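Peer 1: As you go down the protein sequences, you meet chains A and B in turn. Using the numbering used here, you'd call the opening residue of the first sequence number 1 and step up by one each time. Using the numbering used here, you'd call the opening residue of the second sequence number 85 and step up by one each time.
Calculated directly from the structure, the hints in this document are not laboratory data. A quick note: this is a predicted structure, and the numbers were derived from the prediction, not measured. Watch out, some of these pointers could steer you wrong.
[What the hints assert, rightly or not] Just a sample of chain B residues kept apart from chain A, beta carbon distances all over 10 Å, derived: (1) N95; (2) T98; (3) G118; (4) I124.
[To be verified] The calculated lysine to aspartate or glutamate pairs, modelled on EDC-like cross-linking and capped at a C-alpha distance of 16 Å, are: (5) K72(A) to E100(B); (6) K138(B) to E27(A); (7) K129(B) to E100(B).
[Stated by the list, open to error] Which chain B residues stay away from chain A? Per the calculated CB distances, all over 10 Å, these: (8) N97; (9) E100; (10) I121; (11) R130; (12) E135; (13) G142; (14) N152; (15) K171; (16) V175; (17) R188; (18) S200.
The beta-carbon is built from N, C-alpha and C at its ideal position, and this holds for glycine as well.
Listed below, chain by chain, are the residues.
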Amino acid sequence: MKSVKEKRPAGQKQYYRRKKVCKFCVERIDVINYKDVKLLSQFVPERAKIMPRRISGVCSRHQRLLNDAIKKARNIALLPFATE
Amino acid sequence: MRNYEIMFIVNPNTPEEEIDKINGQIEAVITSGGGTIDKIEKMGKRRLAYEVDKHREGYYVLFVIAANGDIIKECERRLRVMDAIIKYITVRTDEEGRRLEKIRNYRQKRAARRGSNPGAGPSQFSDEAMQ
Numbered sequence: 001m002k003s004v005k006e007k008r009p010a011g012q013k014q015y016y017r018r019k020k021v022c023k024f025c026v027e028r029i030d031v032i033n034y035k036d037v038k039l040l041s042q043f044v045p046e047r048a049k050i051m052p053r054r055i056s057g058v059c060s061r062h063q064r065l066l067n068d069a070i071k072k073a074r075n076i077a078l079l080p081f082a083t084e
Numbered sequence: 085m086r087n088y089e090i091m092f093i094v095n096p097n098t099p100e101e102e103i104d105k106i107n108g109q110i111e112a113v114i115t116s117g118g119g120t121i122d123k124i125e126k127m128g129k130r131r132l133a134y135e136v137d138k139h140r141e142g143y144y145v146l147f148v149i150a151a152n153g154d155i156i157k158e159c160e161r162r163l164r165v166m167d168a169i170i171k172y173i174t175v176r177t178d179e180e181g182r183r184l185e186k187i188r189n190y191r192q193k194r195a196a197r198r199g200s201n202p203g204a205g206p207s208q209f210s211d212e213a214m215q
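My request is simple: use the sequences and hints to build the entire structure.
Peer 2: Now the structure itself:
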């Protein structure tokens, strides 16, 4: 919704949503390797689900690569499928 | 020939010599089939993210190889029948490598273009593109 960006009437709390940027594009990380648990675990919150793009701000291309990497890592027990 | 990574988890209770023996067997399968081994990395004991066959820990080993499909097939069959192997995964890496090379070339070209006629574009990005 665009309404967030518009000015609210006085008295209401005003906040600006920070523009999210893709971590991989900004830091120029080309390879998203399935062995890099430290990097991947930033994108799997507590329940071990893959963080959606709308929250992490990752661009679609890198999200796809990230998904592949996380799924490979799960396969070889580097990352959990679900927390027990 | 294609590049692959084979990663497998050995039962953490197996002695070190046994692990070396397994590595030797896999190595023999690859080299006898005409493949080459770039790297064998024993990544050591790690906690598994979830329980596999009642194991909470595992000994990770990584092979980086160049081989063809038949060798991979044989390797996977061997790994499947070995009792000490808990889990394995084979990942093809040559396509990823090619993609990477393309990106690198592209960056280099861009950096070179920027270097040849300064002032054409914003110069603030030039040094990070150099790498």
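Peer 1: Looking back at the hints listed earlier, which ones does the structure fail to meet?
Peer 2: 5, 6, 11, 12, 13, 15, 16 and 17
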